[in-house]
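Residue numbers (the numbering used here), protein chains in the order written: chain A, 284 to 607; chain B, 284 to 607.
FYI, nobody ran anything at the bench for these hints, they're computed from the structure.
Please note that the accuracy of each hint is not assured.
Which copy? The list can't say, so a pair holds if one copy fits it or any two copies do.
What the hints assert, rightly or not - In silico SDA-like cross-links for lysine to any residue, where the CA-CA straight-line distance does not exceed 20 Å:
1. K382 - N440
2. K543 - N436
3. K382 - R438
4. K426 - V414
Protein chains: 2
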Amino acid sequence: MDIEKLLEEKSAIVNKELERVFSGNIPNLYDAIDYHIETGGKRIRPVLALLTCEALGGNSKKALPFAVACEILHNWLLVHDDIEDGDRVRRDKPAMWVKYGLAHGVNAGDLMAQKVYESILNSELDNDKIVKLMEAMVTASVKTAEGQAMDINLRQNNEPTESDYMNTVIGKTAYYLSVPMVGGAIVAEADNAIKALEEFGRNAGPAFQIADDLLDLTEGKGRGEIGCDIKEGKRSILVVHCLSKCDIDEKARLLDILNKPAEETGTEEVLWVKELFEKHGSVDYARKKSQELVEKAKASIEGLPEELREILNYFADYLIERKK
Amino acid sequence: MDIEKLLEEKSAIVNKELERVFSGNIPNLYDAIDYHIETGGKRIRPVLALLTCEALGGNSKKALPFAVACEILHNWLLVHDDIEDGDRVRRDKPAMWVKYGLAHGVNAGDLMAQKVYESILNSELDNDKIVKLMEAMVTASVKTAEGQAMDINLRQNNEPTESDYMNTVIGKTAYYLSVPMVGGAIVAEADNAIKALEEFGRNAGPAFQIADDLLDLTEGKGRGEIGCDIKEGKRSILVVHCLSKCDIDEKARLLDILNKPAEETGTEEVLWVKELFEKHGSVDYARKKSQELVEKAKASIEGLPEELREILNYFADYLIERKK
Numbered sequence: 284m285d286i287e288k289l290l291e292e293k294s295a296i297v298n299k300e301l302e303r304v305f306s307g308n309i310p311n312l313y314d315a316i317d318y319h320i321e322t323g324g325k326r327i328r329p330v331l332a333l334l335t336c337e338a339l340g341g342n343s344k345k346a347l348p349f350a351v352a353c354e355i356l357h358n359w360l361l362v363h364d365d366i367e368d369g370d371r372v373r374r375d376k377p378a379m380w381v382k383y384g385l386a387h388g389v390n391a392g393d394l395m396a397q398k399v400y401e402s403i404l405n406s407e408l409d410n411d412k413i414v415k416l417m418e419a420m421v422t423a424s425v426k427t428a429e430g431q432a433m434d435i436n437l438r439q440n441n442e443p444t445e446s447d448y449m450n451t452v453i454g455k456t457a458y459y460l461s462v463p464m465v466g467g468a469i470v471a472e473a474d475n476a477i478k479a480l481e482e483f484g485r486n487a488g489p490a491f492q493i494a495d496d497l498l499d500l501t502e503g504k505g506r507g508e509i510g511c512d513i514k515e516g517k518r519s520i521l522v523v524h525c526l527s528k529c530d531i532d533e534k535a536r537l538l539d540i541l542n543k544p545a546e547e548t549g550t551e552e553v554l555w556v557k558e559l560f561e562k563h564g565s566v567d568y569a570r571k572k573s574q575e576l577v578e579k580a581k582a583s584i585e586g587l588p589e590e591l592r593e594i595l596n597y598f599a600d601y602l603i604e605r606k607k
Numbered sequence: 284m285d286i287e288k289l290l291e292e293k294s295a296i297v298n299k300e301l302e303r304v305f306s307g308n309i310p311n312l313y314d315a316i317d318y319h320i321e322t323g324g325k326r327i328r329p330v331l332a333l334l335t336c337e338a339l340g341g342n343s344k345k346a347l348p349f350a351v352a353c354e355i356l357h358n359w360l361l362v363h364d365d366i367e368d369g370d371r372v373r374r375d376k377p378a379m380w381v382k383y384g385l386a387h388g389v390n391a392g393d394l395m396a397q398k399v400y401e402s403i404l405n406s407e408l409d410n411d412k413i414v415k416l417m418e419a420m421v422t423a424s425v426k427t428a429e430g431q432a433m434d435i436n437l438r439q440n441n442e443p444t445e446s447d448y449m450n451t452v453i454g455k456t457a458y459y460l461s462v463p464m465v466g467g468a469i470v471a472e473a474d475n476a477i478k479a480l481e482e483f484g485r486n487a488g489p490a491f492q493i494a495d496d497l498l499d500l501t502e503g504k505g506r507g508e509i510g511c512d513i514k515e516g517k518r519s520i521l522v523v524h525c526l527s528k529c530d531i532d533e534k535a536r537l538l539d540i541l542n543k544p545a546e547e548t549g550t551e552e553v554l555w556v557k558e559l560f561e562k563h564g565s566v567d568y569a570r571k572k573s574q575e576l577v578e579k580a581k582a583s584i585e586g587l588p589e590e591l592r593e594i595l596n597y598f599a600d601y602l603i604e605r606k607k
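From just these sequences and the hints, can you work out the full model?
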């Protein structure tokens, strides 16, 4: 199976549909959303929805509105996350709220959230299935917002434990990674696959987040520089591990750097933190942890059809090996 | 019919349900939402949903989840509006985003938006009706976000016409005022009433907004001072009317005051604007316009059952006569 090619084909279908959904002509609303959506993204979530549906014997055309809803969800969360984190750059361009202003940024995100549900309602499916898809989406969105609140809280926490970290990232990433696959299964009437797909997300989501934590130190996540997470004081897995290993003076300096405003953190301080992570083996620890979670994700879908396993295993590897 | 008493009884039921919906224990999320909800509000929208359902022969218990969804919608929009407008005070208390921070403010609003749909999904109704309610809610929310974008744009507009103003306030207020009544009619299986109820909202919503514009000059809308709209540069009906009447020097000064940052606008300037509105008859014009719209709202429901008309007429008068 040529998954790269499938990804390309399916993401083109999704892009076309996204264009249609956001084709209104109110200035600073639909154009702002188009601007954000065109900054890129690999459409992994909607493609996962379509491929899961097909691999489970369903008609992926009927899953397209739900798949698109998943991509809208993802992008709405990015738009609002950038505001919440004070991130000014997204995929090497000004974040939407920076280009269009805070007021339009919040409001355009709110419209996108509604378009998630509008898209699902436009599915050519019976109402029982539509309600099931709605329930899956609401649950995922509620869990994600809860995880986000925990994440914001974690940044004020000077004694974060690995269990705090894992609870937060499971909330923030697991459900909204698994919901596309769950929706694909609902459309394919393969409800018996749902539990395994949720378990897959529960492991692959945090693996993805840890890979993201690592990317901040190496590639910089499309923000033109490395160490943004350090400047923002995020309690990444690296921070959590390092705090448990370093001595009292290192801990004091690390927390001082993390807790000061992002704009006051200099490059030297970022590099000092990076070296501290390396000194205490936090980078290796994070890599290993991410790999372990990917293995657990793969193990959780052993009972699913081979074609679906092949696809999900590919994405699991992709999630932690990506460069941006 | 003792509508005051009904309002009290029904709003108590709604408050109890709201408490249940937001009973999670993640710090800075559910407590932040409780804080906002407990700042008050008269629960007019959910009560309208319940009373409309009953007056059309439906079982209002079955409409309760939708009624609560309408109140959550209203409060989610208030939470995000305060951020978008930079309003720091809501109902004489610090706005939620001021008390809990911008990040939690955006995120808690997002969670509330999900709870709108979760609440509808929890209705004890068949899935066909649930889908109908979902569709009504999505349409109202999309129209409201479109209206909000138009409103933010209008503030940059130095030549706003009454038609710009009306299009904006219809988008921003009409749909989300009528959606509780429409939902009540759907639950009562009185779909033939929907068109009149939408027309009612199309007139009563803007009437409410104009009354709100006027309140800013007299009572101050619970923000501890009058003239916040002037400081924020809102293009109220007063501004739109006054700009069409005043001379070139007055226009220049009015726009100068409206367009400078809110924190740079002094009390004297606010009072000068207020006097200018009075000089050109803008206050009288707004009062008359609001009254006319209320009359149109009442006329649009002439074909509906008497009990329902009595309730809606009461609320129409209430909307423009309220003091806060």
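Report the numbers of all earlier hints that the structure fails to satisfy, in ascending order.
none
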